[in-house]
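Peer 1: Residue numbers (my numbering), protein chains in the order written: chain A, 312 to 423; chain B, 5 to 118.
If you are wondering where the hints come from, they were derived from the structure by calculation, not from laboratory data. Fair warning: there could be bad hints in the mix.
Below, a sample of chain B positions facing chain A; criterion: calculated Cβ distance under 10 Å [stated by the list, open to error]:
1) Y37
2) S52
3) F68
4) P111
Nothing here was measured: the structure is a model prediction, and the numbers come from that model. Ideal Cβ positions, reconstructed from N, Cα and C, are used throughout, including at glycine.
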Amino acid sequence: SQQGEEDPQALSIQEGENATMNCSYKTSINNLQWYRQNSGRGLVHLILIRSNEREKHSGRLRVTLDTSKKSSSLLITASRAADTASYFCATDERLAGTALIFGKGTTLSVSS
Amino acid sequence: DTAVSQTPKYLVTQMGNDKSIKCEQNLGHDTMYWYKQDSKKFLKIMFSYNNKELIINETVPNRFSPKSPDKAHLNLHINSLELGDSAVYFCASSQVWDPSYEQYFGPGTRLTVT
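Chain A extracted, bound-state conformation:
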């Protein structure tokens, strides 16, 4: 199965700064999702963006999707220490049938 690639792999910022994570994928998709994983926990769904959408907001989260570049970005504004976690993108890349394909994740560390 193909998978998305997030970059950077790790990101360290100060509280109050913005954090941007990128995700690239290989084939056409119907939608892309972002998940958060706190240390030692399961993944939690953050936001879904469909292939016909370019931008979506949810609270301090802003997701963009560029299907021509096969990439997405997740922006977290005014980061807090509680945002420290790993962030994964997941796609329904059509070659994968109906499975979600997860990227390798970006580990975000927000220090106070």
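Model the placement of chain B on the given structure of chain A, informed by the hints.
Peer 2: Just chain B, lined up with the frame of chain A:
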């Protein structure tokens, strides 16, 4: 109320043993999944069940056998455990069998094979 629960949370066992991990969801979802997350946090689908029927069976050794007694439960039995099976195993569920629906994950079971 826990939406997706797994037991046990930690499992330490020796090579060659057989072990099971249980998963239950109280969301009324039709579809359940097992994922394996390795030490580099790479998350890979193993199995997917829809209404108790096996839908996806990725390239997983046949030592792994999922069982879904009803829509709310999906258990994972592993025979003849190997060192390479050490990982965190996540159960998840979604409302229907459609990757455009969000998935709800359990807390994970950390399996250590010695």
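Peer 1: Does each hint hold? Answer for all of them.
Peer 2: How the hints compare with the structure:
With its C-beta approaching chain A no nearer than about 8 Å, B/Y37 sits inside the 10 Å limit, and its interface hint holds. Interface restraint check: B/S52 against chain A, minimum CB-CB distance 7 Å, threshold 10 Å, status holds. Among the interface hints, the one on B/F68 is violated; its C-beta lies about 16 Å from the nearest C-beta in chain A, farther than the 10 Å criterion. Hint status for B/P111: holds, given a least beta-carbon distance of 5 Å to chain A, under 10 Å.
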